[in-house]
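Undergrad: Spelled out from the first residue to the last, the chains are:
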Amino acid sequence: MACEAERRPLGVFECQLCALSAPYSYVGQKPPDTRSVVLLEESYVLKDPFTADRNKFLVLGSRCSVCSRLVCVGPECSLFYSKRFCLPCVRENIDAFPREIQRDVEKRKMPAKMPCSKPRSPT
Amino acid sequence: MPPPRTREGRGHRDHHRTFREEEEPERWDWNLPETRRLFEDAYFRDDDYIRQGSEECQKFWSFFERLQRFQNLKTDRKEEKDPEAPKHSIPALADLPRTYDPRYRINLSVLSPDMRRSRERGQRLPPKSVSEFRWALLHYLDFGQKQAFGRLAKLQRERAALPIAQYGKRILQTLEGHQVVVVAGDTGCGKSTQVPQYLLAAGFSHVACTQPRRIACISLAKRVGFESLSQYGSKVGYQIRFESTRSSATKIVFLTVGLLLRQIQREPDLPQYQVLIVDEVHERHLHNDFLLGVLRRLLPRRPDLKVVLMSATINITLFSSYFGGAPVVQVPGRLFPITVVYQPPPEVEPTTAKSEKLDPQPFLRVLETIDHKYPPEERGDLLVFLSGMAEISTVLEAAQTYATHTQRWVVLPLHSTLSVADQDKVFDMAPPGVRKCILSTNIAETSVTIDGIRFVVDSGKVKEMSYDPQAKLQRLQEFWISQASAEQRKGRAGRTGPGVCFRLYAESDYDAFAPYPIPEIRRVALDALVLQMKSMNVGDPRTFPFIEPPPTASLETAILYLRDQGALDSTEALTPIGSLLAQLPVDVVIGKMLILGSMFRLAEPVLTMAAALSVQSPFTRSAQSNPEYAAARRPLESDQGDPFTLFNVFNTWVQVKSERSRNSRKWCRRRGIEEHRLYEMANLRRQFKDLLEDHGLLAGAQTRRPGDSYSRLRQRRERQALYQLKRQHEEGGGRRRKVLRLQEEQEGGSSEEDGASASRAASDGGVDIQDVKFKLRHNLEQLQAAASSAEDLTRDQMVLLKLVLGRGVYPQLAIPDPFNSGRKDSDQIFHTQTKQGTVLHPTSVFASSPEVLHPQDPESRAGDRSREDKDKMSSKHQLLTFVSLLETNKPYLVNCVRVPALQSLLLFSRSLDTNGDCSRLVADGWLELQLADTENAVRLLAAALRLRAHWEQALDQQLARCTRPRLEDDDEEAPTVDRKVVAALSRDLLQFTASKVPYSLRRLTGLEVQNLYVGPQTITSAPSLPNLFGSSTLSPHPTKGGYTVTDFLTYNCLTSDTDLYSDCLRTFWTCPHCGLHMPFTPLERIAHENTCPDAPQGSPPGAEEAAEPLKKTSALQRPYHCETCGKAFLFTPTEVLKHQKQHV
Ligand SMILES: [Zn+2]
Ligand SMILES: [Zn+2]
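Residue numbers (the UniProt record's numbering), protein chains in the order written: chain A, 1 to 123; chain B, 1 to 1144.
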């Protein structure tokens, strides 16, 4: 069992846009126990909680390369196009992005303003 | 030319035409396994993200195929070149790739093999294919990330949306300022899953959370582990009887209340915990109520201990004020509107209303209503609350017929006696267009939460044990539920959306319901509780500050019962046997068997029987009706009694397991046996064995390990292999929700268990995980040795076993009705002291062959059938001992053994009364024995007295050993009572039991019982019989009259015509040993025989060496200097203990 004593969480990641929070166990581009995959951005990483496989990781988010906000990888908060951009920054500088990205962003919802600590109203 | 290989042993498969086609990429065939293997060899190695041959690897290839198809459909990408824009002023945006490529959208990269390993490998593969492959791989990984993140986000969203989420901070803050906080929240507010996580997040690391039920411990630990995203870490664990996932890394443990109490028993200050969450306090379980009292006393001693009481919003002030006005954090539930439909069944004729079976029609009507009113596309399952298992199977049967017909329902039972795997099924999903219909006991009211329930049917009934302290009888009775329960049940329909609750009773019924359920402490027998209280030194149970005190009568009955059973002494202090019993998590009766059995060196068989009697019957319901099962089971049956049948079943099962291990499941299925129960028996047996070993009642098993290093190594290897199987099984994602099959419904009742688990096992690659766990937990060789030695149990051992059982369960005896031999098999009735007209449980071996209970002496059988059995003079009268009396629709005797009546009564009765010549005996004031021959009577009585004394002494010695603190260098000592003493006692008991003396046996009538004794006599001249039955001088009995011989035997106190003078009635008698010829009363005669110098030691029926250990009593006594009172004594070890108790 001792070997399974999981990598201790380093802290709690919290998205500054949607307030999603989750413990992370690694920050960087080379997740532990994973030799063949590298990340192209400095990421907050958690061991994938949905599989028993120990070398599977899950990227939670990273900093926006424009405003440095810590954002999650959720489609309502950020996108990756060679770098991480939070959606507010993308919208602000939409012209700097190729047309495919522009089209894609139009389709996305605006991020929930105040995070989900508010209960969803039952629908 | 074969490609160079980086690894040995890949074999010949590598030479293939793919290599000849390398130069023609357009003919490159991705579907060829060889092609794929080439890439797998390069990219899916053991330390890669995806491993060759794994499930994931297969998933990748199917993803790959889909991607290829998709890209073939797409015409060549038109590269939209954006017009050259001016360089952006923000540096991060200035160097964005101007030409769009989806590759730029993926935030990870896969290292190519040549970047890590030998260069040759990469060069062998055509670059175009490599890039195709890598693109697919990236895409696949990115897809996986998105999927997992989506799940995480959904999970976190749901957690944050729980009503309790807004109260987390407040709960923590309140806990800072107070030692006890009550969190009151309705079903669905999320308290059970979230509060533990808030505590963890706040930095608490030694958290215990108690649950009333085992199943809740497991499911909560899983859920909380999952939600706290360390599902496979060991932060969250559970601990229940036999199973623990706790480790040093565990920060929060879910455990049963009973287990926590045992921990307190060991360490009263509970130093291992920082925070204690007591969940479901509103359910008012016996142990929960007791725990609250214990905590209230503990809190001042542990000011750093925090306690969170969690309750539904029922009667909150009761808990708050019990803890001195503890603050309450009240969380509103989140319920969608629920429509209540009252649907009382139409009035029925009183005759049919009385009938035992529940009418499933009203339930089916609801199914029909749902089918008519709600389109199948609108999902939403049905939860039906029924009172008990019998009702569940009745409705199950009817509903399955309906379901087969409509193909719109999957019907599933849910109750606490199902295996965990079967309980888990209710969480699986029904296929589209089909609804789940879950038939549940009140377990689904609060402890098991199933999502997706839209409809609830409430029968309004619950079956609960109720206790009649006078009759000492547990009754499983059906009650109307309380309003609080009705609301809970209703609420289950509104957790995921608006719902409907069908109440199968009238609104006026509801109004008449009690507001709250009756706390368990007011309903059940309190023996176990009192025993536990005594062993925890909480003082007099009568003055314990319960949150609501139990009825005085139940408390007194329990105390009396424990005194009767020898667990408490006359000062109500725990006896040695009592303190041992308190540690055995079983019924007092079964605990006694274990202790007695270990004394007679019958530990192995008794362990098995005690375990068998402590779990539910392994015989499935369907087996009773299936003649094939019954036939297959017949060789296992023992006409000695049910415990012996269970004993045979278990032993044979162990043999099957060790011989053809994989077949034990099939073996069980063919006999209508639930294997799960046998696993439970094995676990319990192991626990009992450990306990006996811990207490020095059984020699440890160290010596039995195989000696040579080879077999040790082999064993270790086997275990390692088993561990690996177990790990694989656990990692193999058994937790994913499955889609239920429609056919599942056909498999029916509880026997479906086997079929379902078999198919499950098949999907696990043929691994029977239960079997694996069993072999890891138990030493099969040892078990098998015990099982095969059981086959050669001698007749004598069998008789002794019956005595052990008989003494253990005494006074639970029943006498066959005198007219039984003229009745049909199914009409046999039996009477206990307090209950007339009980019947045999249908699973009992005697239910099918009651004739073995009829007294049929060869000499008396000729033609006199008309005579009642009670008048029959026979040496073969028998009584039934039973382990429990269960009252459902009839009072059933459960787990019976037949025992010889006269001998058992003489050996076990708490009170034996005689007439003047001892030919008439009354046992425990209700059974009368009339012996034909006075001489025999006197001899047997004298022998019984002696045997009882010896047995007591041996037991005392045994207990003295086990309560003595064990020293380290103690292990080589003989673990139990002197072998010789036990051997002599065994022999004497056997002879005694074998004695053939004709007698008649009957139950006294009420009137006779009232006028049984002569009463105190005015003229009493003690008979001068100083040496009769030992050396005690006889004193007149204060109430019965006659003379007190021992604490159980009263001589000549029975009323009858002649008895008054019988102590003066002398007849001439010649002593067979010394030839003395004199007029003697029977008693004088025994007295003479006891002291006759020429008589061989212990002349009465078989007790040659019996006198021997008697003298040894003094040998047991040792000088003892008490340090507390400073006095010197001559004490036996038990007397030392008793003496020490006085000072406590
Ligand atoms: Zn976000
Ligand atoms: Zn930004």
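Hints are not guaranteed to be accurate.
Label pairs and their in silico Cβ distance ranges [as the list claims (entries may be wrong)]:
id: 1; chain 1: B; residue 1: K128; chain 2: A; residue 2: V105; range: 50 to 56 Å
id: 2; chain 1: A; residue 1: R99; chain 2: B; residue 2: K128; range: 23 to 29 Å
id: 3; chain 1: A; residue 1: R99; chain 2: B; residue 2: Q330; range: 51 to 57 Å
id: 4; chain 1: B; residue 1: G452; chain 2: A; residue 2: R99; range: 54 to 60 Å
id: 5; chain 1: B; residue 1: K128; chain 2: A; residue 2: V38; range: 22 to 28 Å
Away from chain B, derived, C-beta distances all over 12 Å, residues of chain A [claimed, not checked]:
id: 6; residue: Q16
id: 7; residue: D53
id: 8; residue: L70
id: 9; residue: V90
id: 10; residue: K107
DSS-like mimics (lysine-lysine), calculated; alpha carbons at most 30 Å apart, straight line [claimed, not checked]:
id: 11; chain 1: B; residue 1: K980; chain 2: B; residue 2: K890
id: 12; chain 1: B; residue 1: K154; chain 2: A; residue 2: K30
id: 13; chain 1: A; residue 1: K30; chain 2: B; residue 2: K59
I should point out that these hints are in silico values taken from the structure, not numbers from a laboratory.
Predicted, not measured: the structure shown is a model, and the values here were computed from it.
Positions of the beta carbon are idealized from the N, C-alpha and C atoms, including for glycine.
Undergrad: Next step is simple, just say for each hint if it's right about the structure.
TA: Going through the hints against the structure:
1. The beta-carbon spacing between K128/B and V105/A, approximately 33 Å, falls outside the hinted interval of 50 to 56 Å.
2. Take R99/A and K128/B: their Cβ atoms lie about 28 Å apart, and the range 23 to 29 Å holds.
3. Range check, R99/A to Q330/B: about 55 Å between beta-carbon atoms, so the 51 to 57 Å window is met.
4. Separation of G452/B from R99/A is about 43 Å and departs from the stated range, judged on CB atoms against 54 to 60 Å.
5. At roughly 23 Å, the beta-carbon separation of K128/B and V38/A lies within the given 22 to 28 Å, and the hint holds.
6. Residue placement check: Q16/A keeps its beta carbon more than 12 Å from all beta carbons of chain B (closest about 15 Å).
7. Under the 12 Å C-beta cut-off, the non-interface status given to D53/A relative to chain B is violated; the minimum distance is some 8 Å.
8. Non-interface status of L70/A relative to chain B is upheld: no Cβ of that chain comes within 12 Å, the nearest being about 15 Å off.
9. With a least beta-carbon separation of about 10 Å from chain B, V90/A fails to lie farther than 12 Å from that chain, contradicting its non-interface assignment.
10. Against chain B, the non-interface label of K107/A holds: every CB pair exceeds 12 Å, the least being about 14 Å.
11. At roughly 47 Å between alpha-carbon atoms, K980/B and K890/B are farther apart than 30 Å, so this suggested pair is violated.
12. Distance check on the hinted pair: K154/B and K30/A sit about 26 Å apart at the alpha-carbon level, within 30 Å; holds.
13. This hinted pair checks out: K30/A and K59/B have alpha carbons roughly 24 Å apart, not beyond 30 Å.
Of the hints listed earlier, those the structure fails to meet are numbers 1, 4, 7, 9 and 11, in rising order.
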